[in-house]
Amino acid sequence: MSGSEEQSVDEHGHADHGDGEHQEEAFIWKYIFSIDHKVIGIQYGLTSLCFLLFGFCLMILMRWQLASPGSPIPWIGTFLGEANAPGGIMLPEFYNQLGAMHGTIMVFLAVVPMIVGAFGNYVVPLQIGAPDMAFPKLNMMSYWVYFVGGIVMLVSFFLPGGAANSGWTSYAPLSIIATMGQTAWLIGMVFLITSSLLGSMNIIVTIFQLRAPGMTWMRLPYFVWAQLVTSFLLVLAFPPLEAAGILQLMDRVAGTSFFMPSGLYVSGEILEYAGGGSVLLWQHLFWFLAHPEVYVLVLPAFGIIAEIIANNTRKPLWGYKALVYSGVFLGFMSFVVWAHHMFMTGMGTVISAFFQTTTMIISIPSVVILTALLISLWGGSIRFNTPMLFALAFLPMFGIGGLTGLPLGLAPTDIHLHDTYYVIGHFHYVVAPGTIFGIFAGIYYWFPKITGRRMNETLGKAHFFFSLIFINGIFFPMFLQGLAGVSRRLYDGGATYSHAAPVLHWNAFMSYAAFGLLAAQLFFIVNFFNSIFRGPPAGDNPWDATTLDMAATTSPPMGHGNFVVVPTVYRGPYEYSPPGAEDSFIPQHVPPEEA
Amino acid sequence: MEIPYTVEPRPDTGLYNAKLGIWLFLASEVMLFGALFSTYILLRTGNPNWVQHPMDVPLATLNTMILISSSVTVVLAWAGLRLNNFAQFRKFGILTFLLSAGFMVVKSFEYSAEFSAGLFPWTDNYMAVYFTMTGLHGLHILGGMVVLGYFLGPGAKMWKSNPKQFTNRIEVFGLYWHFVDLVWIFLFPSLYLL
Numbered sequence: 001m002s003g004s005e006e007q008s009v010d011e012h013g014h015a016d017h018g019d020g021e022h023q024e025e026a027f028i029w030k031y032i033f034s035i036d037h038k039v040i041g042i043q044y045g046l047t048s049l050c051f052l053l054f055g056f057c058l059m060i061l062m063r064w065q066l067a068s069p070g071s072p073i074p075w076i077g078t079f080l081g082e083a084n085a086p087g088g089i090m091l092p093e094f095y096n097q098l099g100a101m102h103g104t105i106m107v108f109l110a111v112v113p114m115i116v117g118a119f120g121n122y123v124v125p126l127q128i129g130a131p132d133m134a135f136p137k138l139n140m141m142s143y144w145v146y147f148v149g150g151i152v153m154l155v156s157f158f159l160p161g162g163a164a165n166s167g168w169t170s171y172a173p174l175s176i177i178a179t180m181g182q183t184a185w186l187i188g189m190v191f192l193i194t195s196s197l198l199g200s201m202n203i204i205v206t207i208f209q210l211r212a213p214g215m216t217w218m219r220l221p222y223f224v225w226a227q228l229v230t231s232f233l234l235v236l237a238f239p240p241l242e243a244a245g246i247l248q249l250m251d252r253v254a255g256t257s258f259f260m261p262s263g264l265y266v267s268g269e270i271l272e273y274a275g276g277g278s279v280l281l282w283q284h285l286f287w288f289l290a291h292p293e294v295y296v297l298v299l300p301a302f303g304i305i306a307e308i309i310a311n312n313t314r315k316p317l318w319g320y321k322a323l324v325y326s327g328v329f330l331g332f333m334s335f336v337v338w339a340h341h342m343f344m345t346g347m348g349t350v351i352s353a354f355f356q357t358t359t360m361i362i363s364i365p366s367v368v369i370l371t372a373l374l375i376s377l378w379g380g381s382i383r384f385n386t387p388m389l390f391a392l393a394f395l396p397m398f399g400i401g402g403l404t405g406l407p408l409g410l411a412p413t414d415i416h417l418h419d420t421y422y423v424i425g426h427f428h429y430v431v432a433p434g435t436i437f438g439i440f441a442g443i444y445y446w447f448p449k450i451t452g453r454r455m456n457e458t459l460g461k462a463h464f465f466f467s468l469i470f471i472n473g474i475f476f477p478m479f480l481q482g483l484a485g486v487s488r489r490l491y492d493g494g495a496t497y498s499h500a501a502p503v504l505h506w507n508a509f510m511s512y513a514a515f516g517l518l519a520a521q522l523f524f525i526v527n528f529f530n531s532i533f534r535g536p537p538a539g540d541n542p543w544d545a546t547t548l549d550m551a552a553t554t555s556p557p558m559g560h561g562n563f564v565v566v567p568t569v570y571r572g573p574y575e576y577s578p579p580g581a582e583d584s585f586i587p588q589h590v591p592p593e594e595a
Numbered sequence: 001m002e003i004p005y006t007v008e009p010r011p012d013t014g015l016y017n018a019k020l021g022i023w024l025f026l027a028s029e030v031m032l033f034g035a036l037f038s039t040y041i042l043l044r045t046g047n048p049n050w051v052q053h054p055m056d057v058p059l060a061t062l063n064t065m066i067l068i069s070s071s072v073t074v075v076l077a078w079a080g081l082r083l084n085n086f087a088q089f090r091k092f093g094i095l096t097f098l099l100s101a102g103f104m105v106v107k108s109f110e111y112s113a114e115f116s117a118g119l120f121p122w123t124d125n126y127m128a129v130y131f132t133m134t135g136l137h138g139l140h141i142l143g144g145m146v147v148l149g150y151f152l153g154p155g156a157k158m159w160k161s162n163p164k165q166f167t168n169r170i171e172v173f174g175l176y177w178h179f180v181d182l183v184w185i186f187l188f189p190s191l192y193l194l
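One line per chain: the protein sequences are W and L, in this order. Just so we're aligned, residue 1 is where the first sequence starts under this note's numbering, counting upward by one. Just so we're aligned, residue 1 is where the second sequence starts under this note's numbering, counting upward by one.
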């Protein structure tokens, strides 16, 4: 950037400062319909945390049912309504709604909005030295479109027949003949997809166009790289699901037969559809999104973990370039693995072999990333604060999730394991103690920056250790059940199958662990609200970090504009413990002569 | 603090923000229509009893001509702004708007002829593909008309305050408009001729 532009920016910085003194923005424009990326990021964060809790509570209801099938749910059961749980006893139809909506809410309303909408929005512009996102109004719109999508999903519980009940995968033809909730699901999904598209385009343009002077590609913090690849995945993978959603909506509303085969009988009656459609077409279109979606969930978590590990080992990341190239390669490969979800559909050995091969290939960059993060710990004097504990736990937890995925990526083993609890265990290890631990690590790491106050370390550690124990108590027995052949989506947890008998006792164990996990979140909730109001002041650089978000801003960062003067970047993102220097770190924006 | 590169291109990428934004949007649109075309191919090749109803090729040819002309006029409108000739922009902008309206009118005649011939989305999968894809394309035309209407009406006052950015907006709109035409160029042969 030329000197004259810096000059003009400087003037605007002063102008903004002046505005703040004599012109109070109305509450509604400052906090509700704000176009400041930081406020929008916080809006995304709070909304998706609510959805995270709500989605978890749906699962708590299901776990009650699985632990003691057919027994009335205490107290809460009376509020579920006669249509769902007469006398507090859950009906199978309601169980199906809970399952479908748990998946949908967790993936599309909680984790993606949290990790891309909240962290991406809040942190990316700060880390690259930008005054805001490239399109602030579009940014506001993407939040509100997401919000409407969420409302549509919630309202669908009150429709006749309840919410969607065909699984989060919404396989045809079941989803096409399902109750009205499915139509609401599709409409909600169109909103959520639109929101993701707007948000991810914004992030890409921001990263390409608004990097501060000197912020070259190889000086980007790894979190920014992760967000960039993730956003490309969202831009390119979500539209096919939008197309599929439109087609399914046409099938349900306009009576077309895109996914309806000829001569389909349901309950002894032939359906009034022209037929000639393909049920597998839905699966292809769905998984074309939903596999890249896995990397949408995981890549930003890698990014958060990388930031925290570099910061708390007080040394540069090991293999930064390998991490970057692996992330980009992972992004490309994620588009050609989708049909490994479909080995059981009889698509033939040639195609299966192709997708097995690509699946094995994609595990390589994942392992490279995990290994680089692990080696980064070597020789560091590690600070075991709460974000670091979550980051450290992420590594083995994601490792378990990833490695248990390999047998699912190979057709011969997948035939046995397909649709069992093994699958549930596998992807929950990736997403729950993987990505959600990444989210908690990120919240504990950026909380002091966002609020200007520190969180309580004791409560944070209690939250971490109880969560770690209970979360493994939920998901590890799933592998045992799955290997024994217990199917997922069973309303009674497999009680009617004799082959499930030897592993059935785990159901109660897993449920107690789930209740324990819910209780452990109280530490977080109390800590969160208490620290907002009563936490000790954090200081401008609470973790002695090098990246611009922490080093070049105040806590909390100033309003519109973020920086008084646009920072110039002189070095890579992780200059910790530089040899010969007095400080244990040199921020990216400090000129060499001052370092 | 203002957001940089909203008007002037960034030297190292050679793009202003909105131009990169619209290219990304068009990339996502390619994936959207790509999925729909794939659906069409898969359903048609996978169904031995596929029926291809005869469509009104002359009307569709007329519509193709209309859309191609509108692609030319939108470029001329943008060129007018580049030449600092607002009257030329107005003339060709209005012409583009009228051409796209003409496309929609012809399309509505086609639809009503098909309805009266007893062809509906639920008739069979050819009609389902036909109505879904042309319908979605029609929505894109309609969206374009709304945006163009804004630029010709209330949005045009930006020409006085920030002519450079207004020119950029028309360029970005033109890119979108070419894409919508391009989709039709694929739809026309694959739905009407093949």
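Hint data in this document are derived by calculation from the structure and do not stem from the laboratory. Only a predicted model underlies this, so the values are computations on that prediction, with no experimental measurement involved. Quick reminder that beta carbons are idealized off the backbone N, C-alpha and C, glycines included. Treat each hint with caution, since some may be false.
Unchecked claim - Residues on chain L that point at chain W, a partial pick, calculated with CB under 8 Å:
id : residue
1  : L36
2  : L119
3  : W122
4  : T123
Stated by the list, open to error - If you anchor each label on the Cβ, the simulated ranges turn out as follows:
id : chain 1 : residue 1 : chain 2 : residue 2 : range
5  : L       : P163      : W       : L138      : 34 to 42 Å
6  : L       : G102      : W       : F33       : 36 to 44 Å
7  : W       : L518      : L       : K160      : 57 to 65 Å
Said to hold, decoys possible - Below, simulated DSSO-like cross-link-like pairs (lysine-lysine); rule was C-alpha separation at most 27 Å, straight line:
id : chain 1 : residue 1 : chain 2 : residue 2
8  : L       : K164      : W       : K137
9  : W       : K137      : L       : K19
10 : L       : K107      : L       : K160
11 : W       : K137      : L       : K91
12 : W       : K137      : L       : K160
- Task: Could you grab the alpha-carbon distance between K137 of chain W and K160 of chain L and see if it respects the 27 Å cut-off?
- Result: holds (22 Å)
- Query: Is the hint on T123 of chain L kept, meaning its closest Cβ partner in chain W is under 8 Å away?
  - Reply: With Cβ-Cβ at 6 Å, under 8 Å, it holds.
- Could you say whether the range 36 to 44 Å given as a hint is met by the Cβ separation of G102 of chain L and F33 of chain W? holds (38 Å)
- Keeping to a limit of 27 Å between CA atoms, is the pair of K137 of chain W and K91 of chain L held or broken? Violated, at about 30 Å.
- Item | Hint check for L138 of chain W and P163 of chain L - Cβ pair distance inside 34 to 42 Å | With a Cβ separation near 23 Å, P163 of chain L and L138 of chain W fall outside 34 to 42 Å, so the hint is violated.
- Query: K107 of chain L and K160 of chain L: Cα distance at most 27 Å?
  - Reply: Answer violated: K107 of chain L to K160 of chain L is near 37 Å, above 27 Å.
- Task: Go ahead and decide if the range 57 to 65 Å is satisfied by the Cβ distance of L518 of chain W to K160 of chain L.
- Result: At 60 Å between Cβs, range holds.
- Would the hint on L119 of chain L stand, with a C-beta cut-off of 8 Å toward chain W? violated (12 Å)
- Interface hint for W122 of chain L, Cβ within 8 Å of any Cβ on chain W: This hint holds: W122 of chain L lies near chain W, its Cβ roughly 3 Å from the closest one there, short of 8 Å.
- Was the hint right that L36 of chain L lines chain W, CB cutoff 8 Å? Where the cut-off is 8 Å and the nearest Cβ of chain W is about 5 Å from L36 of chain L, the hint holds.
- Query: Is the hinted pair K164 of chain L and K137 of chain W satisfied, with a Cα-Cα distance of at most 27 Å?
  - Reply: Distance of about 20 Å is within 27 Å: holds.
- Message: Just to be careful, I want the Cα atoms of K137 of chain W and K19 of chain L compared with a cutoff of 27 Å; is the pair within it?
- Response: holds (16 Å)
Hints 2, 5, 10, 11 from the list above are not met by this structure, while the remaining hints are.
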